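Protein chains in written order, with numbering that gives the first Met the number 0: chain A, 0 to 369; chain B, 0 to 156; chain C, 0 to 169.
Since the hints were derived computationally from the structure, they do not count as laboratory data.
Since the structure is predicted, the reported quantities are computational estimates derived from the model, not experimental observations.
Glycine included, each C-beta is placed from N, C-alpha and C at the ideal position.
Take these hints with a grain of salt, some might be off.
To be verified - Within a straight-line C-alpha distance of at most 30 Å, the following computed DSS-like cross-link-like pairs (lysine-lysine) qualify: (1) C:Lys159 - A:Lys323; (2) A:Lys324 - C:Lys125; (3) B:Lys63 - C:Lys84.
To be verified - Below, a sample of chain A positions facing chain B; criterion: calculated Cβ distance under 7 Å: (4) Asn55; (5) Ile213; (6) Ala214; (7) Val318; (8) Lys329; (9) Arg331.
Listed below are the residues making up each chain.
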Amino acid sequence: MMAELRTEEFIVNMGPHHPATHGVCRLMLTMNGEKIVKIEPVIGYLHRAIEKICENRTYAQCIPILDRFEYVTSMSCNYVFSLAAERLAEIEVPERAEYLRVIMLELNRIASHLLFYGVTAMDIGAYTPFLYGLRERELIIDLFEMTCGQRLTYNYIRVGGVSKDIPKQFVPQCRKAIKIIGEKLTDYTGLLNENPIWLERTKGIAVLPADLAIAYGVSGPVLRASGVQYDIRRNDPYCIYDRFDFEIPVRPNGDCFDRYMLRIDEIRQSIRILSQALDGLPEGEIRHKKVKDATFKPPAGEAYARIENSRGEMGIYLVSDGSKKPLRVKTRGGSYNQLQVLPQYGTDMLIADLVANFATLDVIMPEVDR
Amino acid sequence: MTKEELAAYITENFDGKLKPLDSGRYDPLFEVEADDLLDVARALKEDENLRFDYLCNLCGVDTKEHFEVVYNVASVSKNLRLDFKLILPHDNAEVESVQEIWPAANWYEREMWELYGINVLNHDNLTRFLLPDDWDQGHPLRKDWDAPDFVRLPEGE
Amino acid sequence: MGLIKKVPLFTEKIPGGGLVLTTLETVLHQAQAKSLWYLLFGTACCAIELMCTGASRFDFDRLGMIFRATPRQADLIIVAGTITKKMAPRLRRLYDQMAEPRYVIAMGGCTISGGPFYYDSYAVEKGIDHIVPVDIYIPGCPPRPESLLEGCIHLQEKIKKQKLSDWQEK
Chain A
0 MMAELRTEEF IVNMGPHHPA THGVCRLMLT MNGEKIVKIE PVIGYLHRAI
50 EKICENRTYA QCIPILDRFE YVTSMSCNYV FSLAAERLAE IEVPERAEYL
100 RVIMLELNRI ASHLLFYGVT AMDIGAYTPF LYGLRERELI IDLFEMTCGQ
150 RLTYNYIRVG GVSKDIPKQF VPQCRKAIKI IGEKLTDYTG LLNENPIWLE
200 RTKGIAVLPA DLAIAYGVSG PVLRASGVQY DIRRNDPYCI YDRFDFEIPV
250 RPNGDCFDRY MLRIDEIRQS IRILSQALDG LPEGEIRHKK VKDATFKPPA
300 GEAYARIENS RGEMGIYLVS DGSKKPLRVK TRGGSYNQLQ VLPQYGTDML
350 IADLVANFAT LDVIMPEVDR
Chain B
0 MTKEELAAYI TENFDGKLKP LDSGRYDPLF EVEADDLLDV ARALKEDENL
50 RFDYLCNLCG VDTKEHFEVV YNVASVSKNL RLDFKLILPH DNAEVESVQE
100 IWPAANWYER EMWELYGINV LNHDNLTRFL LPDDWDQGHP LRKDWDAPDF
150 VRLPEGE
Chain C
0 MGLIKKVPLF TEKIPGGGLV LTTLETVLHQ AQAKSLWYLL FGTACCAIEL
50 MCTGASRFDF DRLGMIFRAT PRQADLIIVA GTITKKMAPR LRRLYDQMAE
100 PRYVIAMGGC TISGGPFYYD SYAVEKGIDH IVPVDIYIPG CPPRPESLLE
150 GCIHLQEKIK KQKLSDWQEK
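Please model the complete structure; the sequences and the hints are all you need to start from.
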C-alpha cells in the first residue's frame, strides 16, 4: 500500500534585491513543488515621488527630473514631456530640431535594445553577450557625450527644440557607428539563435495571448511579439516619422524567443530610419524663437502625449493652469502594464522559466514606481 | 475617422452622457457624471465603430477646488484616441471601478486611491502599493498635504 | 603586479631556497585590497553606470573586483542608486549579512544626500550614512565610470593604511 504523498504550497520571496539587472522588484511566488501557482508583485521600493516634485518645478526644471523617470531611454522622457508642453502651447518646432530629435530617439532605442540583449542573455546564463552588447552601446554613448556631455541622463530635448547643436564630427561618426552595429548584429544572433540551450529555454516558453495583452494595456515589443501590429509611430504619428520609410516587425508566437528576436529586428529598422534622417538633415534653427526656459508659460488646458518607447507606450498627461509650473504631471510607462499582466499568464511554469519570462519583458523599475 | 468626426459621432450617439469640454488641447475631451460612468465605458468599448479596448492612462488630478479622475483610452483596431473625466468634490470622493471593462485599470485605481484618497468601489485589492508598509501620514499627492520631514524647494530657485 | 616585482629584492637566500620577511599586516592588506568582491546592489540610474564599469570598455576585473550576487560572499557593497524609505531596512539587512571586514561605497548624489530628490520628495532617504557607515563617497549624477574606478582605487589605499587593531571596531 502506498501512502498518498502530501504536498503543500509554500511562499518563496524573490526579494527586492536580486542580481541587479532589473532594479528592485519583489515577487512573492506561491509554489507547489517547482511549479509556480501564483505571482504577486510588490512594488514601491523605488518610489521617488517624481510627480510631486514636478508640481513644484518650472517646465524647464522638470526635464532633468523626468530624465530619471526612465533612465535607459532618457531622450524619450525628455521628448514626451516636450511634446505634451508643445501640444498645450500649440507651437511648431523647427525642421532641424525635429530631425535631430528623431536621430537622438532612434539612437537611444538602439542603445536600450543592446542593453536588453546583454542583460537578458546574462539572466538566462550566457555571459558573453553582456560584454558584446555593452561594447557596442559605448559607441552610441560616445555620440551622446559629444553632443550634450552626459552619458546617461541627457537633459537635451527641451520644450520648443533641442538645447545644443551637434558638432561637425557627429554625422560621420554616427554613420560609422551604425554600420558597425549593423554588422555585429549577425554575430549576436549567430551566438544564440542556433544554440540548443537557448532554444530550449526560450522557445515556446511563457506565451502571452494577444487579447490578454490588449486588455491589460501592454504595448511596444511585447505586444508586437504577440502578433498585434500596433506601433504609435505609425498608428498615432508624432514628430516627423511619417516621412521615413521603415517596417514594423511583428512576430506571431508571443513566447520569449519572439520577444527577444523582435528587438533585434527593431534595431535593424532603427538603423534604416537613422540613415534616412542623417541623409536628410537640413540646416536651420534648433529651437523655437519665442520659447525661453525661464519664462515659458503655456495657456491653461490639458493634453496627453504618447510616444513609442523601447519598452512600450510612454505617456505624459500634463495639466496646466496658466502658471509657470505644471499643475499635474502624470507619467505612464510601458513597464507598469507589463508587470501587471505577468501574474495573469506567468503562472504554471518553473522558476527558471519565470526568470526568462521576466527578462524578456524588459521591465525597468523606475517606470513602474516613479 | 478624424478628431472632429469622432467628436461629432460621440455627441450624437451618447445622448448627452458625454459633455464636450474645451480644455483639451490635442484629443477630444469629454466630461461624464459618476452615475453614468460604467454605461458609457461599456458603450465605448462595444460600439462597432469605436472599439475603445485599450486603456492608456487613468489618473487623479487635484485642482485646488475639486478632484478629477481622468481616463485616456485608445482603439487598437481603429486608431482613435479619446479622453474623458469625472469631477468629484474633495470630501468623500468615490468612483466606481472600471476593471471589468478595462482590466488594466486595476493597478491605476489602486495607486490613485493610495496617493489621493479617492475611494474606488468594487475594487478587489485596495491595499498598500507604492508607499512603505507603515505609512501613516495621509495621502501625499494632495495639494494640501504636508509632513515634518518634507522639504520644499525655496521660491526663486 | 608591483608586489611581485619587489619580491626578489627582499628575498634572502638560504640553503634550499629563499626567505621573505614581511609583516602580517602587509600580506593581509595586499590580499584584501587587490581582490575586493563587490555586491551588486543597484537600484536606479547609477546601476547602469556600475554595469558599464564592469563591462568591456572600463573593466572592474583588472582591479581584481568581480561581482557577487549574495552578501555572504562579498566584502564591498557599492550602493548605486536612490534608497527610498521602503528600501532602507533591506539595505541595512544586507549590510548586516556581510562578513567583516566590509566596506561601503556611496555612489552618486542620491546616496550622499538625496541628490535631485532632496526637495519635494516624500519617500526618499536623504543620504545613506545614517543607515550604514560609509567609507568612500563618489559624487556625480551619475558618476562617470572613471570616477567610480578612482573611488575604488582610493578605497584600496584606505585599506592599505588600516591597522590590524582597527578590524575589531568595524
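Q | Interface hint status, Val318 (chain A) versus chain B (Cβ within 7 Å) | A | holds, 6 Å
Q | chain B contact restraint for Lys329 (chain A) - C-beta distance below 7 Å | A | Cβ of Lys329 (chain A) sits 4 Å from chain B, so the hint holds.
(Q) With the threshold set at 30 Å, check whether the alpha-carbon distance from Lys324 (chain A) to Lys125 (chain C) stays at or below it. (A) holds, 25 Å
**Q.** Hint check: 7 Å Cβ-Cβ cutoff, Arg331 (chain A) to chain B
**A.** Holds - the Cβ of Arg331 (chain A) comes within 7 Å of chain B, reaching about 5 Å at its closest.
Q. Per the CB criterion, is Ala214 (chain A) less than 7 Å away from chain B?
A. It holds, given that the least Cβ distance between Ala214 (chain A) and chain B is near 5 Å, below 7 Å.
Q | Agreement of Lys159 (chain C) and Lys323 (chain A) with the hint, judged by alpha carbon distance not exceeding 30 Å | A | Since the Cα atoms of Lys159 (chain C) and Lys323 (chain A) sit roughly 54 Å apart, the hinted pair is violated (cutoff 30 Å).
Q) Taking the closest Cβ pair, is Ile213 (chain A) under 7 Å from chain B? A) holds, 6 Å
Q.
Let's test the interface hint: is any C-beta of chain B closer than 7 Å to that of Asn55 (chain A)?
A. With Cβ-Cβ at 5 Å, under 7 Å, it holds.
(Q) For a C-alpha distance cap of 30 Å, please report whether Lys63 (chain B) and Lys84 (chain C) respect it. (A) holds, 28 Å
Comparing the model with each earlier hint shows a violation of hint 1 alone; every other hint is respected.
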